[in-house]
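Dock chain B against the given chain A, drawing on the hints supplied.
Here the protein sequences line up with chains A and B, keeping their order.
Under this note's numbering, the residues of the first sequence are numbered 1 to 395, in order.
Under this note's numbering, the residues of the second sequence are numbered 1 to 246, in order.
Calculated from the structure, these hints are not laboratory results.
In this text, all values refer to a predicted model and were calculated from it rather than measured experimentally.
One should not assume that every hint holds.
To be verified - The following label-pair restraints were derived from C-beta to C-beta distances: (1) B/Asn6 with A/Asp379: 53 to 61 Å; (2) B/Pro25 with A/Asp379: 50 to 58 Å; (3) B/Lys225 with A/Asp302: 52 to 60 Å; (4) A/Glu315 with B/Lys190: 33 to 41 Å; (5) B/Asn74 with A/Tyr17: 53 to 61 Å; (6) A/Ala341 with B/Lys223: 33 to 41 Å; (7) B/Pro91 with A/Gly297: 48 to 56 Å; (8) B/Pro91 with A/Asp379: 54 to 62 Å; (9) A/Asp330 with B/Pro91: 41 to 49 Å; (10) B/Tyr210 with A/Glu315: 17 to 25 Å; (11) A/Asp302 with B/Ile65: 55 to 63 Å; (12) B/Pro91 with A/Asp127: 31 to 39 Å; (13) A/His32 with B/Glu51: 38 to 46 Å.
By construction, the Cβ of each residue, glycine as well, lies at the ideal position given by its N, Cα and C atoms.
Read off the chains here:
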Amino acid sequence: MDQTKNHSYNVFKKLGYPSKKLENWKFSNSNHLKSYNVINQDQPDIDIKQYLAIENALCFVNGKFVKESLNNFIYKNQISIGKTIEVKDNKILKMSNNFQGESLFNLGIAKFNEGIFIEFKKGGKFDTEIKIINVYDKKTENMFIPVFNIFKLNKKNNISIVEKNVNNGLDSFNLKINKFICSDDSTLNHTIIFNDNTKSNLLGYNYYESGLNSIINVDSFNYESLFNKNFIQVDLNQAGGETTINTLNLTKNNEHVDNNILINHNSEHCTSFQNVRNILQNKSTCVFNGKVIVAAGAHKTDSNQSNKNLLLSKEATAYSNPQLEIYADDVKCGHGSTTGALDKDSIFYLQTRGIRKEQATQILIKAFAHEVIKQFSNDTIKNEAQAYLGKWMNG
Amino acid sequence: MIKIKNLQVSIDEKDILKGIDLEIPKGEVHAIMGRNGSGKSTLANAIAGNEKYEVKNGSIHMNNIDITEMSVENRALSGIFVCFQYPVAIPGVSMAYFLRASINAHFEHQGKEEMDAVEFLNKSKKILNELNLDDSFLKRSINDGFSGGEKKKSEILQLLCLNPKFAILDETDSGLDIDALKTVANGVNKFNSKDNSTLIITHYERLLQYINPDVVHVMVDGKIKKSGDMSLAKEIEKKGYSWLLK
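This is chain A alone, in the form it adopts within the complex (with noise of 0.2 Å):
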């Protein structure tokens, strides 16, 4: 790991902090992120015993893992737990190649040294979702927080994890890295809930493995993040893989909000769809990047991409750049990319039945959500997000 750590960071040295120069950070700006220190892991200063009460919820106080949360987890006998820092397996390790290039991931591998490598066992059932609570203090403020967690799922295994962050109005650069390997016939449900009162900075690396038949589905729900940078990328690497990614963002004032997904289709008969949803109010600005790569060979792909972007002020901006790269020849893919305002006729014909106008707004924004929040695989982000949009409205 040492050795890792070190190439990591003269790959951070040389390339320096992103600039806009570059296709990924094209509108995003990372000059704010360069005055964080990084965090010095000593007791945490805050009462967790609240989050410690949460049923199968495994909690993470200033990225470091608090053991104290297995007491509570019902599966702690159909798991092994480790730290990643001491994984010594190459193969669980290693990460997608296009984060190698991310100054920024090389950074979070150089400092990191929280983070769990969870293993989920062969032939354990795990019906009940698993909840994963960040927890920050105050001695967050003004820090960089590095965290490295892995999850390999076995054969056969079903896997629900809802993530959800709990900042307390702190200004952070959180740096967050996830890998998840998901052997044949698996299925994972990966919940995340951003939530960070509109001051820290959350940059995510998120990468995704399947196997043999398995399914993925991502589904993020975003609010009150001042910059969240998401990275997905998801390889299709064996026949029969799924994915399906849905994420819905709400911003206004300043906040920025940057999905960058990546689906490589390295195998035949697998299906992708990203279906990703921005509703923009005063300066904010929201950015979709998104990539799927069907290589040669992977026959019957099944690939829908798409990103839709409501502006709700005018000074809002929405960034959109779908692109598709075919190497195989019997595909079916299709992506598509729609950004305005409030369509004037679809509020005229509510008004004819004699609803209010400002009633008929906030009707179709509820209706422009719901067809992403129909589509979240769990009740638990689905009523945050129904429940959060009247707020964010009217707030």
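Showing chain B alone in chain A's frame:
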């Protein structure tokens, strides 16, 4: 009921209605016939308050109240309803939610308590049955993926749920097969009463055969050129519109 005086309307600076005078008393059904582009749909949109249509002159009164400057929703709440020729599709909003929100907007305006879900379902299912529509229709998004016939029936469903004082049917007969036409006509006849009035906009006589309007008007180049009874509609069916252009 509805009184339109010297109504002049333009769209994108182009004059479409060039002085319409029309009065439809309570309890009467009128029909407006005319060629494509004569201004029939413009009249419907202007009465509904569509801001794309600029009223340059004239007035619209509903029950002696000037509604010419009124907001779209207040016109609807005062009892005006338009069955649109091309209603928009709104994915993500179910018909049930939409209908109940519309009914409750009217109830609130009338100072009534909200209609509860059970009463709403009973009322709407009865109307759906009359329109030969399945109950599952309520779960579908507004006009999303609807066939031409379903769109027209959806408009009639809304008409019967909201029971307005004055309804305009803008080419509700277009694109309907004979069975659907009869169903829609039955719906309109069910709505028509001595307490409300209706304006039917159409190209053809066939819908009027089932509804039997009290007065038939013919619109030519943004004006009402001729008015008469049902025999005028029959004459147009036989001779076309060209004789009226002279």
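Hint check:
Checked against the hint of 53 to 61 Å, the pair B/Asn6 and A/Asp379 passes, with Cβ atoms roughly 59 Å apart. At about 56 Å, the beta-carbon gap between B/Pro25 and A/Asp379 stays in the expected band of 50 to 58 Å. As the Cβ distance of B/Lys225 to A/Asp302 is approximately 58 Å, the hint placing it in 52 to 60 Å holds. With their beta carbons about 50 Å apart, A/Glu315 and B/Lys190 fall outside the hinted range of 33 to 41 Å.
For B/Asn74 paired with A/Tyr17, a C-beta distance near 56 Å keeps the hint of 53 to 61 Å intact. The given range of 33 to 41 Å is respected by A/Ala341 and B/Lys223, whose C-beta atoms sit roughly 37 Å from each other. In this structure the supplied range 48 to 56 Å is violated for B/Pro91 paired with A/Gly297, their Cβ-Cβ distance being about 37 Å. The hint said 54 to 62 Å for the Cβ distance between B/Pro91 and A/Asp379, and at roughly 22 Å that hint is violated.
Remark: the range hint 41 to 49 Å for A/Asp330 to B/Pro91 is contradicted by a beta-carbon distance near 31 Å. Roughly 54 Å separates the CB atoms of B/Tyr210 and A/Glu315, a value that falls outside the hinted 17 to 25 Å. Between A/Asp302 and B/Ile65 the beta carbon distance is about 58 Å. The supplied range of 55 to 63 Å therefore holds. At about 33 Å, the beta-carbon gap between B/Pro91 and A/Asp127 stays in the expected band of 31 to 39 Å.
Distance hint check: the CB atoms of A/His32 and B/Glu51 are about 43 Å apart, consistent with the given range 38 to 46 Å.
Hints 4, 7, 8, 9 and 10, counting from the list given before, are not met by this structure.
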